[in-house]
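In order, the protein sequences belong to chains A and B. Here this note's numbering is used: the first residue of the first sequence is 1, the next is one more, and so on. Here this note's numbering is used: the first residue of the second sequence is 1, the next is one more, and so on.
Note that the list lumps identical chains together, so a pair holds whenever it fits in one copy or between two copies.
Here are the simulated SDA-like pairs of lysine to any residue, each with C-alpha atoms no more than 20 Å apart in a straight line:
1. Lys274 with Asn117
2. Lys166 with Asp40
3. Lys146 with Glu134
4. Lys178 with Glu42
5. Lys146 with Met135
6. Lys146 with Asn81
7. Lys178 with Asp40
8. Lys178 with Ala38
9. Lys34 with Ser150
10. Lys57 with Asn81
11. Lys178 with Leu43
12. Lys284 with Ser231
13. Lys75 with Asp24
14. Lys293 with Ile267
15. Lys166 with Asn117
16. Lys166 with Gln119
17. Lys178 with Gln164
18. Lys322 with Ser199
19. Lys146 with Ser199
20. Lys178 with Gln45
21. Lys166 with Glu42
22. Lys291 with Val263
23. Lys110 with Leu94
24. Lys266 with Lys279
25. Lys248 with Lys266
Read the hints as simulated data drawn from the structure, not as lab findings. Computed from a predicted structure; not experimentally measured.
Number of protein chains: 2
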Amino acid sequence: MGTVVQLKNQINDSYFQLKDSVEDKLILTEEKIKSKLASDVELVQKMSDYHIKTGGKRLRALLTLGSAKLCGYSKGSRDINLAACVELIHSATLMHDDVIDEGSVRRGKKTLNKVWNNQSSVLIGDYLLSRCFEMMVEDGNLEVLKLLSSTSSKIAQGEVLQLQHKNEVDMLEETYLKIISAKTAELFAAATKVGAILSDANNKEKDALEFYGRNLGLTFQIADDTLDYNSELKMFGKKIGQDFFEGKITLPIILLFQKLNLVEKKIIKETFNKELRTKDDFNKIISLIKKYKIIEDCYQKAQHYINLASNSLTILKESKEKEIFKNLTSFSLTRNF
Amino acid sequence: MGTVVQLKNQINDSYFQLKDSVEDKLILTEEKIKSKLASDVELVQKMSDYHIKTGGKRLRALLTLGSAKLCGYSKGSRDINLAACVELIHSATLMHDDVIDEGSVRRGKKTLNKVWNNQSSVLIGDYLLSRCFEMMVEDGNLEVLKLLSSTSSKIAQGEVLQLQHKNEVDMLEETYLKIISAKTAELFAAATKVGAILSDANNKEKDALEFYGRNLGLTFQIADDTLDYNSELKMFGKKIGQDFFEGKITLPIILLFQKLNLVEKKIIKETFNKELRTKDDFNKIISLIKKYKIIEDCYQKAQHYINLASNSLTILKESKEKEIFKNLTSFSLTRNF
Numbered sequence: 001m002g003t004v005v006q007l008k009n010q011i012n013d014s015y016f017q018l019k020d021s022v023e024d025k026l027i028l029t030e031e032k033i034k035s036k037l038a039s040d041v042e043l044v045q046k047m048s049d050y051h052i053k054t055g056g057k058r059l060r061a062l063l064t065l066g067s068a069k070l071c072g073y074s075k076g077s078r079d080i081n082l083a084a085c086v087e088l089i090h091s092a093t094l095m096h097d098d099v100i101d102e103g104s105v106r107r108g109k110k111t112l113n114k115v116w117n118n119q120s121s122v123l124i125g126d127y128l129l130s131r132c133f134e135m136m137v138e139d140g141n142l143e144v145l146k147l148l149s150s151t152s153s154k155i156a157q158g159e160v161l162q163l164q165h166k167n168e169v170d171m172l173e174e175t176y177l178k179i180i181s182a183k184t185a186e187l188f189a190a191a192t193k194v195g196a197i198l199s200d201a202n203n204k205e206k207d208a209l210e211f212y213g214r215n216l217g218l219t220f221q222i223a224d225d226t227l228d229y230n231s232e233l234k235m236f237g238k239k240i241g242q243d244f245f246e247g248k249i250t251l252p253i254i255l256l257f258q259k260l261n262l263v264e265k266k267i268i269k270e271t272f273n274k275e276l277r278t279k280d281d282f283n284k285i286i287s288l289i290k291k292y293k294i295i296e297d298c299y300q301k302a303q304h305y306i307n308l309a310s311n312s313l314t315i316l317k318e319s320k321e322k323e324i325f326k327n328l329t330s331f332s333l334t335r336n337f
Numbered sequence: 001m002g003t004v005v006q007l008k009n010q011i012n013d014s015y016f017q018l019k020d021s022v023e024d025k026l027i028l029t030e031e032k033i034k035s036k037l038a039s040d041v042e043l044v045q046k047m048s049d050y051h052i053k054t055g056g057k058r059l060r061a062l063l064t065l066g067s068a069k070l071c072g073y074s075k076g077s078r079d080i081n082l083a084a085c086v087e088l089i090h091s092a093t094l095m096h097d098d099v100i101d102e103g104s105v106r107r108g109k110k111t112l113n114k115v116w117n118n119q120s121s122v123l124i125g126d127y128l129l130s131r132c133f134e135m136m137v138e139d140g141n142l143e144v145l146k147l148l149s150s151t152s153s154k155i156a157q158g159e160v161l162q163l164q165h166k167n168e169v170d171m172l173e174e175t176y177l178k179i180i181s182a183k184t185a186e187l188f189a190a191a192t193k194v195g196a197i198l199s200d201a202n203n204k205e206k207d208a209l210e211f212y213g214r215n216l217g218l219t220f221q222i223a224d225d226t227l228d229y230n231s232e233l234k235m236f237g238k239k240i241g242q243d244f245f246e247g248k249i250t251l252p253i254i255l256l257f258q259k260l261n262l263v264e265k266k267i268i269k270e271t272f273n274k275e276l277r278t279k280d281d282f283n284k285i286i287s288l289i290k291k292y293k294i295i296e297d298c299y300q301k302a303q304h305y306i307n308l309a310s311n312s313l314t315i316l317k318e319s320k321e322k323e324i325f326k327n328l329t330s331f332s333l334t335r336n337f
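Turn these sequences into a full structure, and let the hints steer you where they fit.
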């Protein structure tokens with residue numbers, strides 16, 4: 001598993017390349033989000049400020065900005081406005097996620113539901129989503145509106161599906177793929193497709209970028225779920241085991257379960273049925289994951305989607321942005337900051 | 001206070017008049033909601049079904065249908081689609097409200113968060129809102145999209161404002177009005193205005209119906225908040241005191257607090273600062289409310305908005321629907337089913 005270390009070195013050459021390439025636009029996107037979330041309700045303003053301050057790496061916004069640039073969009077600020085929309089859909093989802101998972105820390109900062117409370121977080125999530133719809137409507141393009149509103153309802157359905165199958169260790173891989181398609185890949189696909197739509201790209205280009213985004217999203221989520229069980233990452237200071245302690249069933253557990261003998265199956269079932277799981281329980285799972293080489297299996301699955309993402313770019317003409325998008329597929333496998 | 005009984009007799013002559021007048025359309029609206037909420041995620045489908053089965057009196061949808069009819073809309077089904085949207089915004093809000101207030105019963109039925117759990121209710125609320133945006137986008141009118149998306153973000157802000165001032169017995173009446181404007185009256189205003197927009201009414205008619213809806217909404221909410229402290233209603237089997245036990249500060253408490261002497265002020269402050277309030281606490285409040293004739297004060301305030309609502313209809317030409325809308329202002333004072 002030296003690959004993790006190898007691939008880590010490529011991070012600067014992909015995520016930061018993309019960031020550098022659209023840096024001015026990203027700053028304007030942040031400003032747009034800030035001004036759109038302004039409210040004369042004190043608590044709304046405070047919570048929005050906190051949210052912006054602790055905002056993540058804005059990968060989805062970068063995908064929209066990068067995709068628009070790749071398609072030759074240069075004049076106007078529709079890319080900024082719609083990148084802000086895409087990012088806000090993601091933020092609203094995260095806020096409700098934190099309420100649902102009773103999360104307390106995200107990106108090294110206390111989550112909103114812990115600084116304030118669950119009630120306010122539910123409402124601020126609603127506020128973000130509504131503001132985002134207002135912004136889309138201001139843009140006024142019905143194709144974009146259709147895409148992003150349908151993405152939003154798919155995300156909600158994906159989240160419910162995930163909840164429905166919580167603690168189900170014998171979850172079908174098919175179900176897992178359905179969940180991550182809806183809750184993650186749809187928004188990645190929308191982010192890149194929106195960039196193409198606002199650039200008046202042709203249908204083939206739109207499809208290519210949508211397909212790229214979707215497969216990048218699948219890779220991204222599989223990598224995320226796998227990293228959570230990758231004990232090698234401890235050396236980089238990354239906290240692992242979060243999904244495990246929450247009782248969330250993800251790809252490593254699904255693939256592991258298929259390979260276990262009956263005695264081991266019983267143990268893992270009992271572990272996930274418990275109210276709380278201990279560090280000891282986690283260490284047991286980690287050794288089973290090592291024993292059956294599950295991390296390798298997961299990376300192989302991810303590789304399948306990386307290839308699809310990469311291949312979907314072939315019809316686009318060569319450019320610096322296309323190269324960056326190609327490199328991003330490696331980033332999505334290793335990101336851990 | 002014989003007025004409550006008197007006005008109750010008018011219910012059939014207003015709400016049911018409106019319902020009768022657009023009955024076919026209301027049935028189609030229900031069907032539209034049902035088909036739009038269909039999902040292949042089992043839990044989403046189950047929760048949506050339960051929600052539709054326990055759906056309320058659909059007043060907001062009726063307002064859109066009635067307003068469209070009043071403005072002469074007859075061909076097409078845009079009124080049905082947009083009435084469904086307006087109703088779904090309301091439903092999504094209620095679902096998140098029930099999570100926030102930890103409500104357990106609404107309209108005599110267990111709330112979704114009690115039949116399932118808070119987590120699923122948050123997500124199903126998101127789902128309803130997203131589906132509703134999808135439906136608006138299908139309608140494709142940017143004026144409607146702008147209105148309903150901005151309404152949605154105002155509702156969320158109103159809800160946060162309410163949370164921010166929870167348990168604040170010395171809340172300003174101004175703050176109360178700001179809260180109920182945002183969380184209730186905005187959607188009433190949008191419901192009636194949408195009916196005018198889809199009928200291609202002129203600006204003056206649109207404004208008149210928006211203004212009517214807003215003031216009807218304010219009346220409706222003040223009446224709702226007042227009925228909760230109106231002990232006369234016990235004889236109709238209505239449960240009272242819900243806001244009180246939740247520690248929600250509404251108009252009767254605000255007006256009462258202004259009139260109390262220092263000793264009484266101290267008592268009421270302590271009562272609302274308690275974790276839980278008893279039946280005895282409630283009876284004490286009720287006798288203070290009687291002593292200071294607060295119910296009468298509240299009805300006077302409501303009367304102000306009734307008059308505004310009624311007057312805003314004057315510029316519209318006479319019709320059966322206009323008469324029904326006029327009568328509805330009395331209904332909003334007395335509804336208790």
